[in-house]
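Based on these hints, arrange chain B on the given structure of chain A.
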Amino acid sequence: MFDQLSERLQGTLSEVRSRGKLSESDVDAAMRAIRLALLEADVNFKVVKAFTKKVKERCLGSEVLESLDPGQHVVKIVNEELTELMGGTGRELAFASGGTTVILMAGLQGSGKTTACAKLAQHLRENEKKDVALAACDVYRPAAVEQLVTVGKRAGATVYEKGTDADPVEIAAWALDRAREERRDVLIVDTAGRLHIDSELMDELAKIKKRTKPHDVLLVVDAMTGQDAVGVAESFAETAEFDGVVMTKLDGDARGGAALSVKAVTGKPILFASTGEKLDAFERFHPDRMSSRILGMGDVLSLIEKAEQQVDEQQAEDLQRKLEKDQFTLEDFLQQMRQVRKMGPLSSIIGMLPGMGAMKQLKNANVDEREMDRVEAIILSMTPEERANPALINGSRRKRIANGSGTRVQNVKQLIKQFDQMRKMMRSMTSGKMPNEQQLAHMMGGSPRPPRPKMRRK
Amino acid sequence: MINLGSRASANGSPETEPEPQRRGVFKRLRESLSKSRQALTEEISASLFDRIDDETWERLEEALILADAGAPTTATVVERLEHEVDSGAVPADGVAVRDRLIEILAEVASKGRAPIDLSAQPAVLMMVGVNGTGKTTTIGKIAWHLSKEMGLSVVMAAGDTYRAAAAEQLEEWARRAGAELVRGEADADPGSVAYDAITAARARGADVVIVDTAGRLHTQENLMEELSKVRRVIAKQIPEAPHETLISIDATTGQNGLRQAKVFSEAVDVDGVVLTKLDGTAKGGIALAIAEELGIPVKLIGVGETLEDLRPFDPSDYAQALLAE
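The listed protein sequences derive, respectively, from chains A and B.
Using the numbering used here, the final residue of the first sequence is 996, and nothing's skipped along the way.
Using the numbering used here, the final residue of the second sequence is 311, and nothing's skipped along the way.
Here chain A stands alone, though its shape is the one from the complex:
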């Protein structure tokens, strides 16, 4: 779906290097590629227009650095501009200097408000040591109150609810009184999802805001939102001027161009990212990582953080030494595989690697977790000697291993062959050469890429 922008730009600008300076037509070609990439990422059309104009100005006439090729140079400019657009003058949550801090949550239906409320409660409780209460003001969606009660409890927050017969504005005011009485640090007010063009419900939101005087109003936005995100954010800004955005469902494979659009149009920062099913899958938002994601440049920082949590330093060092000495065994491979799997589903990890997101072969390969189970079973059925030296494995051993792991001789053969290829690849990696796309794709198994769409506009 999304070609790596830098790859595309490198192709477009491959001729430029010899000249050392970007001409206007080079830049136009690059802008076309950027425009398409941003549109595929759901960045709002008007934001894209303004953005490419700005980037074009910066690219024109700027010297291509000696060490960089022109494509990389443009990507660097784009990345810097995107990061600036996304971050800029952000602010943290504003806590009351004394008493109860009120946070009002608003958004469209299905954007994930109720879940975000509970996740924010948990986040504040764990990271800021706050005593958090939740107010259940969604009286419209069936069972929304029950949902908040359940997830609120899980998050260790007190939930104030009055069922579905009370008026949401009254519930909010009443909950605030109680929160103050009970000296809670924070009250998070969950509201019903509403359409930004539903004047009645938008009025209600304005009233809740007036009655509770929140320190922060957060707009909850689904990362998968398309071109409409801008209009929605503008409308909410008019009614209940929000201070920041919570992006939800960022654990999917949406590029999240909506984040950029909302920030660009309203100027409000994205404060939090919700990234998974579990309550603790909620983190501070990192603008620089998001711009890379939008560009398909991978989220190396997040990957490194994830890896740091899972990977044992000592083991990593041992492994490095083994790689250098070319002593990498199937046993090591097994350990590696287990560590990688601990980081989460492979497909999501691949998405974080720069360039990998672009390789449709990999993206569509949909790494089969069961295949990994099979590989694990095969290696576990080998003797330690066999794991250390796969060359030992002859016909009869293969048969034994296949029987032991409940697989077929063919699978065993294939695994050993793949392992050999991997060792070769690693050897070339440690010698400083990156494997090419084809080698990688071959390793993971993949399909050819579909033709690219052609767009007229620059």
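Calculated directly from the structure, the hints in this document are not laboratory data.
Where hints are given, some of them may not hold.
Claimed, not checked - From chain A, some residues computed to sit far from chain B (all C-beta separations above 12 Å):
(1) 579
(2) 647
(3) 692
(4) 719
(5) 734
(6) 742
(7) 766
(8) 791
(9) 860
(10) 878
(11) 927
(12) 958
(13) 961
What the hints assert, rightly or not - Taking lysine-lysine pairs in the DSSO-like style, the calculated list, with each CA pair at most 27 Å apart, reads:
(14) A:614 <-> A:587
(15) A:614 <-> A:594
(16) B:215 <-> A:816
(17) B:248 <-> A:816
(18) A:863 <-> A:962
(19) A:584 <-> A:594
(20) A:962 <-> A:880
(21) A:880 <-> B:215
(22) A:880 <-> A:668
The beta carbon of each residue, even a glycine, is placed where N, CA and C say it ideally should be.
Chain B only, in chain A's frame:
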């Protein structure tokens, strides 16, 4: 829109929607679309085609992109129209070009079109989709239509055993629709809930079983595998079932909607799309991309919160509403 086979006449229910309601859809859709401030209609007013030149095509592209139709589908539609005008197949006349555009858009939206088939006894309908796209609400509305308007007996399976209070939400809908609800314990196996619901439906001779499932991101492979398993459990009971598998797609969804439809379809063989939340300002253009690239048609649209706001999808109404002034 909903094919009830021989049962339809037995129940005396009309097989096609009556004309007034169809017009109602058109009107509502147009109303909702016209509310948009950056309405597509602004971009594609008839005057756009007064003079046909490069700028016409560029602005048309812009309009379709803003409707979330996506770059490839937009390029296909515009290229086709431009080619037809250039070759003289369509006269370079504003009205003719506009009409032809509506035809092309409707044609794209019609790819893979088929009615919802509930002729089996019991017919099993399974609802899937990403979190927050409106699955449970859609199911409630479908149950209400089948039960209250068509007089069918409906059993609902509360297969979302994950989200807190999802079963309670469905229970409320079951009460409104007068349908029976089969639910399991929290965190119960969703396959077993579907199994129990079908068993109950068979024992009672019910007409339709509607299986709700938990919202899941299509990138979560273990959850997608769980979904395939639910489907397999259903098929074990009734080999042809589920007779209809629908994915709910939020009209505000951008290009990711295409991935959603593709991956869900690979897991559970989706028959159609329910395009929800069309009452907002989003045009749901991603449905065009889904039909064009995957051949999965929109079957139902959600245009509001009330029970009547779930409607059959009409490609030509939709195309017209996209372009209406």
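Now for the hints, and whether the structure bears them out:
1. 579: violated (7 Å)
2. 647: violated (7 Å)
3. 692: violated (8 Å)
4. 719: holds (27 Å)
5. 734: violated (7 Å)
6. 742: holds (14 Å)
7. 766: Answer for residue 766 of chain A: violated, closest chain B Cβ roughly 4 Å.
8. 791: The assertion about residue 791 of chain A is violated, with a minimum of 5 Å to chain B.
9. 860: holds (30 Å)
10. 878: holds (14 Å)
11. 927: holds (34 Å)
12. 958: holds (28 Å)
13. 961: holds (27 Å)
14. A:614 <-> A:587: holds (19 Å)
15. A:614 <-> A:594: holds (13 Å)
16. B:215 <-> A:816: Within the cut-off at roughly 22 Å; holds.
17. B:248 <-> A:816: holds (25 Å)
18. A:863 <-> A:962: This hinted pair holds, its Cα atoms lying about 12 Å apart.
19. A:584 <-> A:594: Since the Cα atoms of residue 584 of chain A and residue 594 of chain A sit roughly 15 Å apart, the hinted pair holds (cutoff 27 Å).
20. A:962 <-> A:880: holds (25 Å)
21. A:880 <-> B:215: Answer holds: residue 880 of chain A to residue 215 of chain B is near 24 Å, not above 27 Å.
22. A:880 <-> A:668: violated (31 Å)
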